[in-house]
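Asker: Read off the chains here:
4 protein chains.
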Amino acid sequence: MGLVGAEVAKHNSADSCWVIVHGKAYDVTEFLPEHPGGSKIILKYAGKDATEEFDPIHPPDTLDKYLPESKHKGPVDMSTVEVEEKIASPDEEERLERVKNKPSLSQCYNLMDFEAVAKGVMKKTAWGYYSSASDDEITLRENRSAYQRLWFRPRILVDVTNISLNTKMLSTLTSMPFYVTATALGKLGHPEGEVVLTRAANMHGVIQMIPTLASCSFGEIVDAATDKQTQWFQLYVNKDREVTKKIVQHAEKRGCKALFITVDAPQLGRREKDMRSKFGGEGSSVQKDDDGVDRSQGAARAISSFIDPGLSWKDLPWFRSITSMPILLKGVQCVEDVVRAAKDPNVDGLVLSNHGGRQLDFAPSAIELLAEVMPVLKAQGLERKLEIFVDGGVRRGTDILKAMCLGAKGVGIGRPFLYAMSGYGQDGVERAMQLLRDELEMGMRLLGCATIEELGPHLLDTRSLGQHGNGIPRDTLMEEVYDGLTVPGWGKSRL
Amino acid sequence: MGLVGAEVAKHNSADSCWVIVHGKAYDVTEFLPEHPGGSKIILKYAGKDATEEFDPIHPPDTLDKYLPESKHKGPVDMSTVEVEEKIASPDEEERLERVKNKPSLSQCYNLMDFEAVAKGVMKKTAWGYYSSASDDEITLRENRSAYQRLWFRPRILVDVTNISLNTKMLSTLTSMPFYVTATALGKLGHPEGEVVLTRAANMHGVIQMIPTLASCSFGEIVDAATDKQTQWFQLYVNKDREVTKKIVQHAEKRGCKALFITVDAPQLGRREKDMRSKFGGEGSSVQKDDDGVDRSQGAARAISSFIDPGLSWKDLPWFRSITSMPILLKGVQCVEDVVRAAKDPNVDGLVLSNHGGRQLDFAPSAIELLAEVMPVLKAQGLERKLEIFVDGGVRRGTDILKAMCLGAKGVGIGRPFLYAMSGYGQDGVERAMQLLRDELEMGMRLLGCATIEELGPHLLDTRSLGQHGNGIPRDTLMEEVYDGLTVPGWGKSRL
Amino acid sequence: MGLVGAEVAKHNSADSCWVIVHGKAYDVTEFLPEHPGGSKIILKYAGKDATEEFDPIHPPDTLDKYLPESKHKGPVDMSTVEVEEKIASPDEEERLERVKNKPSLSQCYNLMDFEAVAKGVMKKTAWGYYSSASDDEITLRENRSAYQRLWFRPRILVDVTNISLNTKMLSTLTSMPFYVTATALGKLGHPEGEVVLTRAANMHGVIQMIPTLASCSFGEIVDAATDKQTQWFQLYVNKDREVTKKIVQHAEKRGCKALFITVDAPQLGRREKDMRSKFGGEGSSVQKDDDGVDRSQGAARAISSFIDPGLSWKDLPWFRSITSMPILLKGVQCVEDVVRAAKDPNVDGLVLSNHGGRQLDFAPSAIELLAEVMPVLKAQGLERKLEIFVDGGVRRGTDILKAMCLGAKGVGIGRPFLYAMSGYGQDGVERAMQLLRDELEMGMRLLGCATIEELGPHLLDTRSLGQHGNGIPRDTLMEEVYDGLTVPGWGKSRL
Amino acid sequence: MGLVGAEVAKHNSADSCWVIVHGKAYDVTEFLPEHPGGSKIILKYAGKDATEEFDPIHPPDTLDKYLPESKHKGPVDMSTVEVEEKIASPDEEERLERVKNKPSLSQCYNLMDFEAVAKGVMKKTAWGYYSSASDDEITLRENRSAYQRLWFRPRILVDVTNISLNTKMLSTLTSMPFYVTATALGKLGHPEGEVVLTRAANMHGVIQMIPTLASCSFGEIVDAATDKQTQWFQLYVNKDREVTKKIVQHAEKRGCKALFITVDAPQLGRREKDMRSKFGGEGSSVQKDDDGVDRSQGAARAISSFIDPGLSWKDLPWFRSITSMPILLKGVQCVEDVVRAAKDPNVDGLVLSNHGGRQLDFAPSAIELLAEVMPVLKAQGLERKLEIFVDGGVRRGTDILKAMCLGAKGVGIGRPFLYAMSGYGQDGVERAMQLLRDELEMGMRLLGCATIEELGPHLLDTRSLGQHGNGIPRDTLMEEVYDGLTVPGWGKSRL
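Protein chains in written order, with the working numbering: chain W, 299 to 793; chain S, 299 to 793; chain D, 299 to 793; chain L, 299 to 793.
In isolation and in its complexed conformation, chain W is listed as follows:
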């Protein structure tokens, strides 16, 4: 009946570190220094059952894939493993209370509402991972703010009886001008993970981009799709190009219709809100000095095993040689690189993106960049060479319409669907998509456009888009002294 808990429990240190996952024991001692998430978190479970912590952050096939057979110590008799009693913190108890009383799905009228619900019902660390971004999270919020510096110039007296939201992205006809973009670790939000998004996307005829860092395995996500569905594949390029090749060709074989190579993450961003929520009062040491690893090489080495910081323009012909999927660059962030991509014969498109504000703070928003890029491409006769997508900060149907007006082929949406899934599962994601559909139809009618093709820059006032002033700092003395105007008094006290 396998190993007994007491045996596993002996291997509870860096010298000999075993962990139990899904009823099997693994010896990860040698793997400790290479774990991208640091050894500290593994050691916390040394000699114990790590399944609950492991699951949302790793696809089920991770251990089989990355740990040599020899380290698989075999099944454990789970009845012999000591169960740690969990005492919910007061914060956690409040959360559980909120889960019980959460608003009904029908009370969610827009995508922000799902975020509010998710904030209330998600575990603190999961919320920290999804919601966080880099440094001061200025870019995170700028992604949203930038859309609000774009104003419409609507047309009237156009026959808008029948509205069509159909559009083509990379030769696929799709029912609406947005797609589910790749986001990591779906099981943090929902026990079933990314397949929930797959199923909801199917209900609305929306394309899904499959993430490399999913909680579900790639196979599970592909299997969850119907025949009619289109899926794309997002790739983090591994330093070991053979691994990369295998992944890409497998994706193509399983039917993925496009390859999106992430280019904005040679190193994964540092997200302080996430760190603070994860480590709590304990704190974490600075990224590199975990476990006494040599500072000058440790981090680079750890990261480079999964994401190659050496990836460059020179690698693109190789990608073309290993796949016939369209190749797109995900995370382009300046005009010059867009032009270069347009001239590169190996590139079929790109996503203007700053990785949801999770990589470089003060990277520009995709929508502002789009408004800069398109006139340059047109001036150089390159506008048909690339299909350009944008993501980041999209919350309203009108945001999508603004991007389409400026020349995007489609708009990626990530966090809002994760939040909807975290709050309400597939129903939540479907409602989120339905809300967008309604907002899109309404927006088209009120703009005076019956089809996506009619959208164009003449419908926008972009004059304020480039304004990033922050004004002079507050005059705290004047604010404290000023006696503001008030409305009429109400009986004795005010309204």
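Just so you know, these hints were derived from the structure itself, not from any lab.
Since this is a predicted model, take the numbers as computed values, not measurements.
Check each hint, because a few of them may be wrong.
Identical chains share a label here; the pair holds if one copy fits it or two copies do between them.
[Stated by the list, open to error] Heads up, simulated BS3-like pairs for lysine-lysine below, C-alpha to C-alpha not over 30 Å straight-line:
hint, residue 1, residue 2
1, K612, K544
2, K338, K398
3, K400, K338
4, K384, K398
5, K342, K308
Given the coordinates of chain W, assemble chains S, D and L onto it according to the supplied hints.
Answerer: Just chains S, D and L now, kept in the frame of chain W:
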């Protein structure tokens, strides 16, 4: 003595749905799927007395007009109808308390004050309907903010002993440069509805625009006017053009002096604050999936019966053919459409308007558009072809003066009068108008203008009007850490 | 021993209205409709002792000057007058408590501090009068904000061992580049009124402008000055030009060195904060309909008796004919009028001013206007024709230096000295002036200027001065949902 | 065994004033009027032990250096000195409680976190001294805000496997592009003072600038450095040039590699927050009138003994004549002076700086000035003549990268290291530097630069840098009345 309550009460489902209104029973079973407000709200009153809910939202002649005689089930003996006991919610009890203690009318010194009072005394759903706007309500507030980006360049040493506010709109001499614009459902704010506005307008010699969607019937509103009063008519164009023709010609016959065709509402806006206040904890499903109606057609069908989304420039000659009233387009939102209207022989004027922010969020404010439009019209020699009006966000006499400086012929005011009426009835509306009169006179004197004709763009600094930046997002860390300056301490505690 | 209280008390209505002031009775029945402050406030004291209310708002010689001898009913035996027991409101009791605990003078480190103290110790109505401004008080605060849009370009390595703040205004050498500008009703802040300012100005060698609407009589203020002091005279022009002539010539005879004619107040502004604080829960009716006076003429008539709304450029030669004092226009508000004044042979200078934000809301700040005006004057060779002063919003030594850099001859300061006086009497005003002196010296040193003459526009960055954007309205949903970054937790609770 | 306490205690007035410092008595009677900090603070300790107050504000050799031997009264038998019992104020007790519970160092994830901790654990007066700045502290905060108006234009697909942060400053190769700039009074934050910074700088291979006004003596700071370390010297120029010469030549002899002459402080700034925290409820009199000193000369004289306000461009050749260290001007604040410095043969470099906002409020931020300056220098072919450094407001690795992109040779950081030292001593400073290192490496990777040389203005969007608008003042009525949108309700109460 008519039907008894128990008989009506049997028809309490979608299969057979009767409702009582003003003591008469109606069979609305077949009408359910066509009700613009959705079937859900009717079913709530199936088999019961719906008068209180029905009244503010429908003119009294609605049922006679739209429901075939055969569905009129005749009088009900109301003494046999079970009266549901109402238990006021704690919110509602607080509201009733506020109604008792509301500020005296003489404490209202400006139009914002009426809004504050209305917010306190109106029923939550009524307030939700009046105050709400579309999406994030950015345009709603931009309408007000835009006026505040306009600064004066006042003239001194002008003889301003005698000020005249008289001006002409569409050949009518009027006492002040504003009019009461069309707003729906006046009985939500006051049991007598729109006729209250009619009477107040008469006291101040102000023009009123009669709304299609009034709570009072058209006839009641016309009847409430005196001989000296001028009324205009606002039209939602029905898909059935014969119905439209009948309505327009009836308005002309009853003395309306101008026809304002609403062109910014091919679909009625979705207002989340309104939905949240109406449906409360229960929530509403997405617009289209009520009652299992086919999603691809349901909404369009429902809406198109009252408001034709197919209305287009091609329809204008027909309007000219059925009426000799001046024809104006209400809701023009971009320069190009203004120029087109100016060149269209069937258009006599227009209202720059975004429907009070209730239709397309991020539509521009009328005042900003006006400043863009007038120079273009002048450059093309078209400035005399149209009379241009604006509405949205007007709260101060100086707002009106700014619009007049920029070339408007008059300014429409809606919500503020509804709020004044909701708080204080006709007295409130009259005081609101008197406050505007005082502010206008004061403003004229301080600008150095004795007559409306003297107002012009030379009195304004418009440089900041087009600035819609929103700055970079807040630096929450710095704000939390910064130790603001303070004023001297006060004994122990501060002031 | 004079009249008895009971006799006076009989005249307690609009039909026969007597009031007691400083122990004498006056019949003001006929004067009621002409009282600029409205009849209501007088009737409140009909038949009673009005001294306390009367004093701060009227110079002591008012009744003798304006009420015919026949209406003087003679002395009253004050021991027979019933004394109304006053019960302090809770607000008033809190105020008295604050007066007891007010910060020591030495804790006031800048001019804002005096405002904070005044807000705490002044009577609500007095504070309301001093601090209020017109409409939304946007211009009031813009006056201050505009200075903060001006940045320095300081010079280094200049010998600033010895700093001189001396400068000439209208041929008078003065010790600092500011003057005490005219403000009304000094006794609301201090029982001795404007003479307190006179004495403090003497201590610092600063010029004072005497207001027409002082609480002290003109004579008292002149008498309070020493031989070395310079005083100017501010004039509201009376419709009766003989009265005006008498006033002006008297001022010149008593030694006033300049005449500042107020041109921004053909009608006195409506200040809602003032009204709300004065009338409290009772409210006031709209300006014009007090006492049933004919609306179309009432207000104009009442006002015109003191301030002539008919004053115009045509009157200037007449002023030149009656005085040899330099003539300055106070309250010029646009470039065109400055140019006109520069070309008018009867004008020697002017004050760019919007009356402290108390007249037309959205009038521009003086400092912004100054930056616009000076280049125009220079381009037309008119810059030496006028001495230009500015007032409004000045709180820091650097504000004064900014105005001097842009070409002002001096800067008027009003409210801050009233607040200093209200909090601490003459000591307060002196310290306020000393603080400015310190700030000016410091500012000069750090700018790299040893004398006022060295100040010039090369020391300023004016690029942002004209920016009056207000950004897009707040995104209330995003703000509610966004989970801001925080600093490290502190034991359990945060810092 | 020396003097007894009672003897010293007799000299407790301005007539005869002795103080005890580190167990020795000193007669400071004659020095009182010359004390730069005013006589008041000394008199507080007249006849008593002043060591605790004295220590952080004076280097240990101060008394030996500045007080004639004859005033040294010799050792005191400290057992005979009466010890004043200290009663901690409630504020102080709360602080001590916070000290006990302060966050662990590993919870500090960025430089702002150290400031938050310092704010909690530092004594109020020490915090007041470090954190305060001049006037309204607008420039203090603008220093930080300006960096946030700069946006990146990142490059992708660059090989960033190996990142080097090495750079040269004034011929010294250093490990990172920042240095520890000179800040006064280190012992206010940590009992060991500036040497803590020296040691931490050594650990990270970072240059330190030694301040004239250190708490440690110059010798102590130099002695604390290792052989590999580079130190620069910051100089306040004494009016007595012989003193200055001695100081400079001593610094050079002890190995300092550059001389930074402070040019932005002919007079030390007035910092109100500091004054308020120091004098508390007592307040301080205006700067000059302490002790009845003649106002026109007192302050100038007191200041000029330490810092010469007469320092000018003419003095630069003399500096060149006394030292062969590179000479840099610290505190240059406008383009014209940069150009002049570039043309001056005696200047080798400069620091764009406004003294951390502590001198002239509304002086521009260094980063904005840098962006203005570099193109001018390039246009005149002067860009290689000077090494340009900047300081003020730097908190993030990306701030440093922005400055390097714009052409700085290095970035000075002051307060953040003081705060880290105040909270956690040397460990804190080291972690602060490590955090910056991590942020720099991350930023370089995400910008697509492997070496500092690759940074350039093409990586920045500077369009918003010059925007210093502050918008129109708040519309307090609208804000009070507006009924903001909300997220779904949560059971009964909201989230």
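Asker: Compare the structure with each hint and give your call.
Answerer: For each hint, the structure was consulted:
Proximity of K612 to K544 under the C-alpha cut-off of 30 Å is restricted to the intra-copy arrangement: shortest distance 20 Å within a copy versus 60 Å between copies. For the identical chains of this complex, K338 and K398 are inter-copy neighbours only, at 27 Å across copies versus 34 Å inside a copy, given an alpha-carbon limit of 30 Å. With identical chains, the CA atoms of K400 and K338 are at most 30 Å apart between copies only, with a shortest distance of 23 Å across copies and 35 Å within one. For the homomeric pair K384 and K398, the shortest alpha-carbon distances inside one copy (20 Å) and between copies (29 Å) are both at most 30 Å.
For the homomeric pair K342 and K308, the shortest alpha-carbon distance inside one copy (14 Å) is at most 30 Å, but the shortest distance between copies (66 Å) is not.
Of the numbered hints listed earlier, not one is contradicted by the structure.
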